[in-house]
Amino acid sequence: MRTALVCRKISAYLLLIALQLLIAGCTKTPPEQAILDALEKLETAIEAGDTGTVMDALTDPAEIQRGGHILQRDELRRLLMGTFLRYPKRQLALTQINIELDPVTQRHARVTFTAFAWGGQSMMPDNADSYRVVSDWREDGEWKIEGLTANGLRE
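Position in the sequence shown counted from 1, then plus 37, gives you the working numbering.
Misleading hints may appear alongside valid ones.
[Stated by the list, open to error] Distance condition first, Cα-Cα at most 30 Å in a straight line; then the derived DSS-like pairs of lysine-lysine: (1) Lys65 <-> Lys181; (2) Lys65 <-> Lys126; (3) Lys181 <-> Lys78.
Derived from the structure by calculation, the hints contain no laboratory data.
Make the full structure from the sequences, and use the hints.
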């Protein structure tokens, strides 16, 4: 009789542990955290010179503006490849990140941040610049950039 009671308690505890694991696995990443994760992935891709991952972070079509000029996807791809070749050692730091999530749909967001970029042929940077970036994001399975405006802080 005592053995049966112990077996029931153990079974109940195992069931509770299994349910807790299932509940923990069902949680969805909050939108703000998912955007921060996407930004981190984008930052890593830029530092690694991974043009494909950077382009995959954009919706099709995406409106990218730099210095008042709208870049098409091919222009952006060429600009990235040229920059990656010119500065094989590059770093990027994103600061002052502000995420404004659409309160109704939770599927659109405006993300503003300051980007500091520097790079060169060796470990010492040949060039550095900073930008104030305003970006519009859309969630469609994953968060992607649908519009971005980057203005140099020196402009």
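Right, here's what the structure says about each hint:
1. Lys65 <-> Lys181: With a Cα-Cα distance of about 17 Å, the restraint between lysine 65 and lysine 181 holds, given a limit of 30 Å.
2. Lys65 <-> Lys126: violated, 36 Å
3. Lys181 <-> Lys78: Holds, at roughly 11 Å.
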